[in-house]
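Novice: Note that the protein sequences, when read in sequence, are chains A and B.
For the first sequence, position 73 matches number 73 in the numbering used here, and the numbering has no gaps at all.
Quick note: to get the numbering used here, add 107 to the position in the second sequence (first position is 1).
No lab work stands behind these hints: they were computed from the structure.
All residues carry an ideal CB built from backbone N, CA and C; glycine is no exception.
Where hints are given, some of them may not hold.
As the list claims (entries may be wrong) - If you want the ones that stay clear, here's a sample from chain A, every Cβ over 10 Å from chain B, calculated:
#1 38
#2 40
#3 56
#4 64
What the hints assert, rightly or not - According to the in silico footprint, chain A covers these stretches of chain B (three or more CB under 8 Å from chain A):
#5 156 to 169
#6 174 to 187
#7 234 to 246
#8 249 to 260
#9 288 to 296
#10 323 to 336
Stated by the list, open to error - A few chain B residues that face chain A, going by a derived Cβ cut-off under 10 Å, partial list only:
#11 192
#12 205
#13 208
#14 313
#15 339
Read off the chains here:
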Amino acid sequence: MAAKEGQQHPIGIYLWIWGLLFVFSACSYAVDWYQLQGLLRWSLIIFFMLLKAGFIVAIFMHMFWERLAILYAVLFPCIAILFFLAFMFAESGYTLWTRMVYFMVGI
Amino acid sequence: MEDSSFTQPVTIPPHVKGNKGVAVDWSSDQKTFKGVPWGKAMMWIFLVSDTFVFSIFLISYMTVRKSTKIPWPNPSKVFALHVGHVSVPLLLIAIMTFILITSSGTMAMAVKFGYEKKRVPCAILIILTAIFGASFVGMQAFEWTKLIMEGVRPWENPFGAPQFGSVFFMVTGFHGTHVTIGVIFLIILARKVWRGDFDTGRRGFFTSQKSHYEAIEIMGLYWHFVDLVWVFIFAFFYLW
């Protein structure tokens with residue numbers, strides 16, 4: 001746990017996470033290498049992405065050892081991003097629809 | 108001004124687990140983030156705002172890619188490199204990914220050695236991180252040059268939807284700027300660590316404040332964040 005001064009952890013944990021991140025990156029590269037397509041491709045990409053992001057934030061950025069007060073203060077605002085994502089997902093679908101309807105007449 | 112705010116010995120109240128602890132910390136009538144130096148809290152808040160900036164880039168990328176009728180260029184082919192006679196997909200991008208992860212690893216260890224007050228290995232690891240970062244930027248410059256030679260512009264490209272170019276230059280450019288700024292600050296920090304500024308209490312040339320080894324962790328947060336953003340760019344822009 002957090003020692004007297006700052007965040008001090010054994011060096012082994014950093015080396016382990018470093019290795020893990022290498023493996024996960026290799027896995028996501030393999031998704032492209034073997035040209036997996038469709039839902040499998042997208043789900044694997046997101047799975048490895050979240051795994052890597054989680055380990056970087058939790059271990060390298062020490063969030064795992066911080067108190068919940070700062071973890072919540074950092075993570076909760078980011079939920080807003082998901083709402084924005086949902087809005088723009090709907091909006092871009094509508095834009096595509098208008099382009100289909102108004103620009104492809106007669107084709 | 109005495110700079111005791113950096114080092115004030117705060118008696119940290121016992122940690123209450125779970126959501127009750129959050130309520131206790133926020134209502135404690137003291138600083139909220141116990142055991143977190145103010146500089147680190149400020150860095151986290153900056154990183155949250157930077158998260159929003161990059162999110163907006165990636166969301167606008169999704170918007171233009173999803174709303175165009177013209178097929179999106181296949182990044183696997185656009186970013187392929189020829190090794191001998193074989194075309195290897197995304198080769199340079201994969202190398203850049205591994206280099207950035209490696210730099211994150213060396214940075215994490217620099218933070219550890221910093222808190223142990225081992226000046227020399229700490230400074231060497233920070234310099235190593237800066238070298239990895241600089242080589243990342245160099246490869247990105249190579250990538251940009253290659254694509255510009257092939258006719259990719261922010262408004263057109265020979266592979267497909269014209270939005271591809273604007274997204275590419277905007278997103279990777281903004282990320283590369285972050286890496287470049289990081290490299291500059293890493294070099295400044297390495298010099299401070301090497302000279303022993305944090306041991307002798309030498310004041311910074313800009314802030315004229317004494318600094319401490321927690322400055323390395325704060326720099327580390329920024330550097331890991333740059334790596335974190337690359338994870339998302341790699342997934343959504345290069346692999347999708």
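Novice: Indicate, hint by hint, whether the structure satisfies it.
Specialist: Here is what the structure says about each hint:
In this structure residue 38 (chain A) is separated from chain B by more than 10 Å, as the shortest Cβ-Cβ distance comes to about 12 Å. For residue 40 (chain A), the non-interface assignment is confirmed: its Cβ lies about 13 Å from the closest Cβ of chain B, beyond the 10 Å cut-off. The Cβ of residue 56 (chain A) sits about 5 Å from the closest Cβ of chain B, inside the 10 Å cut-off, so the non-interface label is violated. Every beta carbon of chain B lies more than 10 Å from that of residue 64 (chain A), the smallest distance being close to 13 Å; the non-interface claim holds.
Closer than 8 Å: that is the beta-carbon criterion, and the stretch 156 to 169 of chain B has 7 residues meeting it against chain A, so the requirement of 3 holds. Only residues whose C-beta sits within less than 8 Å of a C-beta in chain A count toward coverage, and the stretch 174 to 187 of chain B has 4 of them, enough to reach three; the restraint holds. Counting residues of the stretch 234 to 246 of chain B whose beta carbon lies closer than 8 Å to any beta carbon of chain A gives 0, which falls short of the minimum of three for the stated coverage. As drawn, the stretch 249 to 260 of chain B meets chain A at 0 residues by the rule of a beta-carbon pair under 8 Å; below three, the given contact is violated.
With a threshold of 8 Å between beta carbons, the proposed coverage of the stretch 288 to 296 of chain B by chain A is violated, since 0 of its residues qualify and at least three are required. With 7 residues having a Cβ less than 8 Å from any Cβ of chain A, the stretch 323 to 336 of chain B passes the three-residue criterion, so the hint holds. Evaluation of the residue 192 (chain B) hint against chain A yields a violated restraint, the C-beta minimum of about 18 Å exceeding 10 Å. With 10 Å as the threshold, the beta carbon of residue 205 (chain B) comes within range of chain A, its nearest partner Cβ sitting at about 6 Å, so the hint holds.
The interface hint given for residue 208 (chain B) holds, since its Cβ lies 5 Å from the closest Cβ of chain A, which is under the 10 Å cut-off. Annotation: interface hint on residue 313 (chain B) violated; nearest CB of chain A at approximately 23 Å, more than 10 Å. The beta carbon of residue 339 (chain B) is positioned within 10 Å of a beta carbon in chain A (closest approach about 6 Å), and the interface hint is therefore held.
The structure is inconsistent with the numbered hints 3, 7, 8, 9, 11, 14, although it conforms to all the rest.
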